[in-house]
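Residue numbers (my numbering), protein chains in the order written: chain A, 1 to 330; chain B, 1001 to 1174.
Any given hint could turn out to be false.
Claimed, not checked - Some chain A residues judged to face chain B by a derived CB distance under 8 Å, without partners named:
1. LEU31
2. GLU32
3. MET64
4. VAL123
5. ILE140
6. ALA143
By construction, these hints were calculated from the structure, which means they are not laboratory data. These numbers were taken from a predicted model, which means no experiment stands behind them. Glycine included, C-beta positions come from ideal geometry on N, C-alpha and C.
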Amino acid sequence: MHVDPEIIRLLAFLVGVIAFAALNAAYLVWLERKEAAHIQRRIGPKEVGPFGLFQPLVDGIKLMTKQLIVPAGVDPVLFKIAPILVMVPAIMSFVTIPFSETLVARNLDLGLLVIFAFASVNVLGLLLGAWGSRNKYAVISAARVVSQNVAYEIPMLVTVVTLVMITGTMNLHNIVMQQQGGFWHWNILNLSASPLMPVAFLIFFVCMLAETNRAPFDMAEAESELVAGAFTEYSGMGFGVFFMGEYANIVIGASVATILFLGGWDCPLGLFPGVHWFLIKMYFLIFTVIWIRWTFPRTTFYGLLNLSWKILIPISFFNLILTSAMLKVF
Amino acid sequence: MISLFSVEGLSGLLFLAFIGVTLAGALIATSARSLIRSVAGLALCFLGVAGLYYYLNSPFVALMQILIYVGAICVTIIFAVMLAESSELKQVTRRNVLVGPLAFLVSGILVFGLAALALKTEWRPASCLVNRGTVEDLGQSLLTTYSMSFELISVVLLVAVVGSLVLARAGRDK
């Protein structure tokens, strides 16, 4: 029987992508706990393995051996399908992310659009899970998630449209190739295209925090007011899969920011480009995301919406108009 | 005979699977008891349609289908249902004896009409591409060949936005 080598390559990348997502989810929890501990002058996990490095594995086993409780009165189908709906689109997005010049599962012409299309399904998963739980905290959380995501999707997409106008392509590989040769070529410092590029990066980063439901915008969870928000009724691996999805989304957000603004796998000084630079930049952004979570308190819900509608959206539209004017003039 | 483990074989299988997903989603959407499950079925149906678009050489339309229909429209519908529906499942009561047969009649006519239309139209062969379906091509045809429809759709959306604002205002004054 003849098997096409392309199919074997795709299968290998599929397994690799799922492993990468799961590994990241496990060890970002470890990083989060360690970083939080050091910010608060504690030590963090240290008992299991050196520096507590085996803690995620033990946690994973614990979650998997726990009973999956489906409370009476929930919608059983939606309740079970929701964590998968959060996890699967995140893994699908990994398919088109180029980690280096050759390390990409599928280099699609519309790569950027693929990521945003699948990222938008994430909300649907949270919403269905929250509604299926038949829990008032979960429903309040769902209502917040929707208004938050709608509010922050607009400045994020407008910023991305601005960037696509400059690059002229949605192929992530080509976007990185345009930024080769040192940090002064990166889009974040592409001041000749638009003097507001660093601001655009900031808007993108803030929107990424909000879209992935990270503090200070973690209205979906808000444990001080909503118990655990949309995840209130979930136990064991149902909860675990939700969190794997959340962390996978953070990894994707950081990867997209790296590709769009920070030159992907390009070295800041133009030497030895490769996958290591991509990972350094991506993990630095993730480190910052965690850093922000443990430094800033959660905003109020109205503060959150006001920030988007009254500050981020006007600035991103102004940037869009400015960039198109500059593209036309120069 | 195309091998199942070749690229063509697998993509053919996936195309059939997407047709199945579309039909299953449509069935769930129309027959589910709870409204939220109907919307979930609708989302599944949209996803299947997006898959069909993808295999019909229109990846841009497929991704837009997911982004807009699954990511925005379904979420909005669920949001509206969440605010409107009471948590109790309502008993569906049939208002009239004629409703069932009439519905069958109308849908029969509709199916017949669509089938006749599909059979009579002269379809372009699948190998003939109008354009490559890239963003550039789409932008150019939207602003040249189809600029009139583009403008009209914009006007419709503008009217919808203004209309919803007027309705919301009226509700606030009460």
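Structure-based check of each hint:
1. LEU31: 29 Å, violated
2. GLU32: 27 Å, violated
3. MET64: 27 Å, violated
4. VAL123: Holds: closest Cβ of chain B sits about 5 Å from VAL123/A, inside 8 Å.
5. ILE140: 10 Å, violated
6. ALA143: For ALA143/A, the interface hint holds, since the closest Cβ of chain B sits about 7 Å away, which is under 8 Å.
Violated hints, listed in ascending order, are 1, 2, 3, 5; each of the other numbered hints is respected by the structure.
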